[in-house]
Amino acid sequence: MKIRFVRIAVLTALGAVGTIALSAQQAPPPALVTNQELLAGLPADGSRWLTFGGDYFNQRYSPLTQITPENVNRLQPQWTFQTRTLGNFETTTLVRDNVLYVTGPQNLAWAIDARTGRQIWQYRRELPPNLTACCGLVNRGFGVLGDKLFMVTLDAHLLALDMKTGAVAWDATMEDYKIGYASTIAPLVVKDKVIVAVAGGEYGIRGFIDAYDAQSGKRAWRFYTIPGPGEPGHNTWAGDSWKIGGTGVWVTGAYDPEQNLVFYGTGNPGPDYHSESREGDNLYSCSVVALDVDTGKLRWHYQFTPHDVHDWDSTEVPVLADIPIGGQTRKVLMFANRNGFYYTLDRTTGRVITAKPFVQTTWAKEIGSDGRPMLLPGHTPDEKGEITCPDITGGTNFWPPSYDPRQRLFFVNAREACMTYYAWKPEYNPGDRFTGGAGQRARGPDMPVYGALRAIDPATGERKWEFKYLNPSPIGLLTTASNLIFSGDSEGNLLALDSRNGKLLWRYQMGSTMHGTSPITYMLDGRQQVLVPAGTTLTAWALPQ
Amino acid sequence: MRTFGPVASVATVALLAILGAGLSAQQPTPAPITKAPAATNPLQGDEAAIKYGMGLFRSRCADCHGVDARGVRSPDLTQVWASGRTDEGLFLTVKNGVPNTEMPANARMFDHEVWQVLAYLRTLAAPASTDPPRGNAENGQRLYRANCASCHRVNGVGGRLGPDLSRIGSARARDAMVRRIRGAVEDFRPGYEPVTLTQDNGQAIHGVKKNEDLFSVQIMDTRERIQGYEKDKMKEVANDTKSAMPPFGTDRLSASDLDDVVRYLQTLRGFDTAVK
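Sequence order for the protein chains is P and R. Heads up: the first sequence is residues 1 to 545, going by our numbering. Heads up: the second sequence is residues 1 to 276, going by our numbering.
These aren't lab readings, by the way, just hints derived from the structure by calculation. Just to be clear, a hint being listed does not mean it is correct.
As the list claims (entries may be wrong) - Derived DSBU-like pairs: lysine-lysine, alpha-carbon spacing no greater than 30 Å straight-line:
1. P:Lys218 - P:Lys243
2. R:Lys209 - P:Lys468
3. P:Lys503 - R:Lys231
4. P:Lys218 - P:Lys178
5. R:Lys95 - P:Lys178
6. P:Lys503 - R:Lys233
7. P:Lys503 - R:Lys209
8. R:Lys233 - P:Lys178
9. R:Lys51 - P:Lys425
10. P:Lys356 - P:Lys218
11. P:Lys425 - P:Lys365
Since the structure is predicted, the reported quantities are computational estimates derived from the model, not experimental observations.
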């Protein structure tokens with residue numbers, strides 16, 4: 001024992017000498033990640049990207065201006081990182097102090113040198129072999145605070161990893177994956193809490209949003225997206241349907257510090273298509289819920305699609321901004337929904353300011369003054385099938401939109417497609433799929449299938465411009481203060497456009513769709529970088545030196 | 001060994017049953033199986049099996065593969081036999097799933113249920129014909145060589161502009177083949193959509209489309225040259241509405257000749273490429 005103490009003392013002394021010797025040559029490492037940094041969003045110096053949406057408002061708008069519409073066609077690849085595994089990125093990368101932190105498929109994660117693309121550490125979680133994890137073995141990114149990274153897992157755990165080593169600091173079980181629970185969401189870190197949620201809407205789960213203490217991993221609160229007996233909204237579910245009504249949450253919300261609220265879009269009710277067993281509005285499915293950060297209590301909700309029968313999760317990314325509408329500044333929440341409507345809501349009350357279709361939409365005439373959709377007849381799936389636009393994947397989906405606060409424009413990758421929806425009575429078996437129907441592609445001259453990047457004025461819901469793709473594009477967006485927008489198409493092209501008019505400025509064939517991912521941008525040694533995940537690769541782009 | 005075989009199996013089954021009972025509360029993961037109980041589907045064409053198979057397919061598979069099995073979020077299943085998959089291989093895929101993808105294992109499905117699903121799928125791929133087989137395959141082969149082989153390939157011989165027909169007998173029903181030969185086009189198969197590129201000098205290149213994005217198109221032209229072209233260097237890239245295959249009406253192919261050709265095509269069950 002004594003000998004060991006001595007050795008430690010010697011090592012410590014050596015370490016101290018080493019530190020002193022080094023400090024003359026290099027800057028001290030930055031302190032731990034603070035709440036102030038998270039609150040500040042994307043800084044003007046481009047030194048970091050620390051939350052899913054870049055900032056708490058999920059705008060994905062960078063102040064960086066080195067890359068411009070004039071020079072973007074000179075971008076050059078700096079390096080490419082390959083995951084060397086099956087499955088694709090569906091993530092938003094974080095960056096701090098010249099190190100990238102990125103989650104991949106199969107519950108892999110890496111810290112990567114932003115200068116060279118070389119791995120610093122890799123984390124791999126052993127996955128249970130009988131995992132059902134619906135809809136892709138993917139992960140949408142890290143959250144970060146202090147010296148810890150937070151990631152959810154496909155077997156419904158929340159992990160804290162040591163930022164410097166990737167070692168697990170704590171491991172919290174959210175729910176039992178064997179009965180259909182999974183998790184893919186990027187954690188949102190607010191104050192001392194890590195906010196996460198579960199997927200599994202197609203497996204008869206009862207969805208929830210959780211907050212965990214960032215230090216200890218202890219659960220601070222849980223908000224069930226389906227109210228239990230005695231709670232308001234419980235009577236919007238017939239019989240026992242609430243117990244297996246789905247309503248997962250798998251896309252990161254937004255945070256409004258002023259109101260101390262987080263806003264999350266919620267998933268579809270289950271069974272997806274055959275809905276006789278769940279008569280009622282099915283609160284809080286297909287909604288946005290505003291929750292108090294400290295308690296998880298519901299402040300308000302708005303339901304986009306009451307009693308959904310088309311699998312239209314409202315798990316799109318809510319985007320916040322303060323914008324002038326009708327002569328006054330309104331605190332709004334912008335939401336392009338899978339159901340085909342674009343909404344601007346008042347985020348202090350949840351009331352609709354404007355709601356307009358942004359793709360071909362046949363199931364509702366408009367959104368009424370009471371906020372409810374005015375339904376058109378003939379759009380309840382049955383055994384014979386009925387045709388509705390949009391299709392199952394929807395007018396858009398989980399891939400992040402972007403908002404440019406200078407131009408006051410909301411950008412979204414929209415999908416034009418219709419579907420024949422069928423329904424039949426399902427049987428519930430714990431852990432099995434529980435959808436009660438299915439669809440098939442509807443084809444016809446009046447139902448063209450294509451995609452488009454659309455710019456929408458949030459004050460009116462009107463379209464300013466569009467850039468058409470050959471096919472629907474499942475790709476998240478990035479805008480910059482130099483009037484650039486980065487996107488991609490489903491054929492694997494990385495695209496840079498002028499955000500003022502939708503003019504294509506530059507393209508590069510990445511070899512894989514950037515499915516569900518978004519580029520990020522940051523500064524490295526004085527040069528602006530654009531980091532693009534596509535398939536199994538990450539590629540950094542910059543202008544020539 | 002032979003003598004003890006069945007005894008050992010019984011003991012193994014009993015042991016597994018005991019272990020299974022003990023483990024069932026923990027939901028054991030059945031190990032992937034490596035061999036299907038039969039090489040070909042014992043329930044193929046069985047009416048009751050097809051009916052049950054439809055129910056199973058709709059409740060377990062259609063959400064991803066589409067009610068018509070032509071794919072929504074997952075692959076088109078109506079082309080799997082045409083692309084060379086076997087009953088045995090498909091049985092294993094259904095049972096074991098595809099590791100590291102969204103295709104789950106269905107270890108708890110009974111063997112006969114898997115065969116029922118495949119029997120149903122087979123009806124979507126090649127709807128059974130009620131007509132008795134007719135025609136002379138030998139004459140059909142002669143007619144095929146004279147009329148079809150310049151564009152279609154069978155067992156490694158023939159053209160490449162149209163789809164390879166080496167497995168057509170197990171992929172398409174008689175009625176579907178008849179309709180297609182007579183000129184009906186319901187849908188172009190991906191990779192065979194007719195396209196015409198017009199160059200700046202006005203010259204046209206006809207072919208079938210192999211791939212396309214916003215900026216380029218990759219084709220096989222009528223001389224079987226595979227080549228990519230940038231759209232901004234072309235005057236026009238037009239999808240043709242008419243198939244590259246000429247219709248064979250009764251003036252070109254009599255009813256009895258058609259019977260013969262189809263009879264020949266029905267004999268084509270696959271091409272063994274193994275070097276002997």
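Here is how each hint holds up against the structure:
For the given pair, Lys218 (chain P) sits about 25 Å from Lys243 (chain P) by alpha-carbon distance, which is consistent with the 30 Å threshold. Between the alpha carbons of Lys209 (chain R) and Lys468 (chain P) the distance comes to roughly 21 Å, so the proposed pair stays at or under 30 Å and holds. Only pairs whose Cα atoms come within 30 Å are accepted, and Lys503 (chain P) paired with Lys231 (chain R) is accepted, the gap being roughly 17 Å. Of the pairs offered as hints, the one joining Lys218 (chain P) and Lys178 (chain P) holds, with about 22 Å between alpha carbons and a cut-off of 30 Å not exceeded.
With a C-alpha separation of about 18 Å, the suggested pairing of Lys95 (chain R) with Lys178 (chain P) holds against the 30 Å cut-off. Only pairs whose Cα atoms come within 30 Å are accepted, and Lys503 (chain P) paired with Lys233 (chain R) is accepted, the gap being roughly 19 Å. Proximity of Lys503 (chain P) to Lys209 (chain R) is assessed by CA-CA distance (about 27 Å); at most 30 Å being required, the pair is judged to hold. Distance hint between Lys233 (chain R) and Lys178 (chain P) is unfulfilled; the C-alpha atoms sit about 55 Å from each other, more than 30 Å.
Distance hint between Lys51 (chain R) and Lys425 (chain P) is fulfilled; the C-alpha atoms sit about 16 Å from each other, no more than 30 Å. Of the pairs offered as hints, the one joining Lys356 (chain P) and Lys218 (chain P) is violated, with about 42 Å between alpha carbons and a cut-off of 30 Å exceeded. Taking the CA atoms of Lys425 (chain P) and Lys365 (chain P), the gap is near 28 Å; set against the 30 Å cutoff, the hint holds.
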